[in-house]
Amino acid sequence: MKADIERKVKQTIEKYKLLSKKDKVLVACSGGKDSTTVLFLLNKFGYDVEALFIDLFIGKYSEKNKEDVERFCSELGVKLHEVSVKDVVGYSVCYLKSVLKSKGCNLKSCAICGAVKRHILNRYAKRLKKTKLVTGHNLDDEAQSFVMNLLKDRMDLSLRLGPKTGVVEEKGFVPRVKPLYFCAEKDVEEFSRLMKFPVVYDSCPCSVDAFRRDVGRFLDKLERDAPGIKLRIVDYFLERMPRSKKRLGKLGYCENCGEPCSGKVCNVCGMVGLLGGKKRKVYK
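Residues in the sequence shown are numbered consecutively from 1125, following the numbering used here.
The hints are simulated quantities; they were obtained by calculation from the structure and are not laboratory data.
There's no promise every hint is true.
Per label pair, the in silico range of CB-to-CB distance [claimed, not checked]:
#: 1; residue 1: 1346; residue 2: 1181; range: 33 to 41 Å
#: 2; residue 1: 1326; residue 2: 1200; range: 20 to 28 Å
#: 3; residue 1: 1255; residue 2: 1232; range: 16 to 24 Å
#: 4; residue 1: 1228; residue 2: 1148; range: 26 to 34 Å
Quick list of in silico lysine-lysine cross-link-like pairs, DSBU-like style, CA-CA up to 35 Å [what the hints assert, rightly or not]:
#: 5; residue 1: 1146; residue 2: 1227
#: 6; residue 1: 1203; residue 2: 1288
#: 7; residue 1: 1241; residue 2: 1132
#: 8; residue 1: 1276; residue 2: 1288
#: 9; residue 1: 1310; residue 2: 1126
#: 10; residue 1: 1188; residue 2: 1320
#: 11; residue 1: 1276; residue 2: 1146
#: 12; residue 1: 1288; residue 2: 1241
#: 13; residue 1: 1168; residue 2: 1227
#: 14; residue 1: 1141; residue 2: 1295
#: 15; residue 1: 1253; residue 2: 1141
#: 16; residue 1: 1276; residue 2: 1232
#: 17; residue 1: 1146; residue 2: 1210
#: 18; residue 1: 1288; residue 2: 1225
#: 19; residue 1: 1134; residue 2: 1148
#: 20; residue 1: 1276; residue 2: 1210
#: 21; residue 1: 1227; residue 2: 1134
#: 22; residue 1: 1203; residue 2: 1227
#: 23; residue 1: 1203; residue 2: 1126
#: 24; residue 1: 1250; residue 2: 1203
Remember, it's a predicted structure, so these values are computed and weren't measured experimentally.
Glycine included, each C-beta is placed from N, C-alpha and C at the ideal position.
Sequences are here, hints too, so could you generate the full structure?
This is the structure in structure tokens:
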């Protein structure tokens, strides 16, 4: 199992040219099995890696994740950067959700959290002068995202997917890459347990109402009935992706925070603005 995971990650990096030894790499570390595994492997392979932990203030869940990431990075000798979501947008994710809901914006916790994390990761990767941003997305994550976007009729969002994220060449984006792209979630978990990594294996307590969970269970059943279906879903997407990217236009920049976005204001500034009833500044 250990050798198989390492082989798949190396092959993915080489085939899709995700990383080079010249890259300055920032790994998004949540404290979970996936990001911990990819940090360990990239460090083992000799890449120039540092880690970033975003404190989402989800009670004891976030506290334990933070402790685990700090311990693991210390053991590896990897520099760790920590950022508080409250310092960036002024609120915790749970508070954002509750207030947005009271104003008629019924976004799920995962949608809010995802937008905030993408915003922070890109911003800090630029601030730290990194050339690549690594996330721990695995095969299950990518298959789920594709099916979710299909069912919601939001295939435009699927253009965020792929081993190398980035629907357009844009200087405001640090390229995001996913070395675990072809690794099944169960295999990553088995690897993590075999290595005795200090991680939380429980699901995020805020994701109980997530559409992703329902889709994940559906795909797990299909995988049991038709082994390999998750990989076939991802392969189908990869075959179509180059044609879809050609239809995209250029992005602009958020008039509030300066981050790349498709409208006048990015999603995070839009959410924060709703809380105050007027345009509010997200950090510079």
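Here is what the structure says about each hint:
Evaluation of the 33 to 41 Å hint for residue 1346 and residue 1181 yields a pass: the beta carbon distance comes to about 36 Å. Judged by the Cβ atoms, the range 20 to 28 Å given for residue 1326 and residue 1200 holds: they are separated by roughly 23 Å. Checking the proposed 16 to 24 Å range against residue 1255 and residue 1232 shows it is violated: the Cβ atoms sit about 33 Å from each other. In this structure the supplied range 26 to 34 Å is violated for residue 1228 paired with residue 1148, their Cβ-Cβ distance being about 43 Å.
This hinted pair does not check out: residue 1146 and residue 1227 have alpha carbons roughly 47 Å apart, beyond 35 Å. Our distance criterion of 35 Å between C-alpha atoms is met by residue 1203 and residue 1288, whose separation comes to about 24 Å. Pair hint residue 1241 plus residue 1132 holds up; C-alpha atoms about 27 Å apart against a cutoff of 35 Å. About 23 Å separates the Cα atoms of residue 1276 and residue 1288, which keeps this hinted pair within 35 Å; it holds.
Pair hint residue 1310 plus residue 1126 holds up; C-alpha atoms about 13 Å apart against a cutoff of 35 Å. For the proposed pair residue 1188 and residue 1320, the alpha carbon gap of about 16 Å is at most 35 Å, so the pair holds. Using a Cα cut-off of 35 Å, the hinted pair residue 1276 and residue 1146 is violated, with the two alpha carbons roughly 40 Å apart. For the proposed pair residue 1288 and residue 1241, the alpha carbon gap of about 17 Å is at most 35 Å, so the pair holds.
For the proposed pair residue 1168 and residue 1227, the alpha carbon gap of about 48 Å is over 35 Å, so the pair is violated. Only pairs whose Cα atoms come within 35 Å are accepted, and residue 1141 paired with residue 1295 is accepted, the gap being roughly 19 Å. A distance of roughly 20 Å separates the Cα atoms of residue 1253 and residue 1141; the hinted pair therefore holds under the 35 Å criterion. Proposed proximity of residue 1276 and residue 1232 is supported: the alpha carbons are some 14 Å apart, at most 35 Å.
Among the hinted pairs, residue 1146 with residue 1210 is consistent with the structure: their alpha-carbon atoms are about 33 Å apart, no more than 35 Å. For the hint pairing residue 1288 with residue 1225, the CA-to-CA distance comes to about 33 Å; that is within 35 Å, so the pair holds. Proposed proximity of residue 1134 and residue 1148 is supported: the alpha carbons are some 18 Å apart, at most 35 Å. Pair hint residue 1276 plus residue 1210 holds up; C-alpha atoms about 30 Å apart against a cutoff of 35 Å.
With a C-alpha separation of about 47 Å, the suggested pair residue 1227 and residue 1134 falls outside the 35 Å cut-off, and the hint is violated. For a cut-off of 35 Å, the pair hint linking residue 1203 to residue 1227 is broken: about 40 Å separates their Cα positions. For the hint pairing residue 1203 with residue 1126, the CA-to-CA distance comes to about 25 Å; that is within 35 Å, so the pair holds. A C-alpha spacing of about 17 Å is found between residue 1250 and residue 1203, which places the hinted pair at or below 35 Å, so the restraint holds.
Hints 3, 4, 5, 11, 13, 21, 22 from the list above are not met by this structure, while the remaining hints are.
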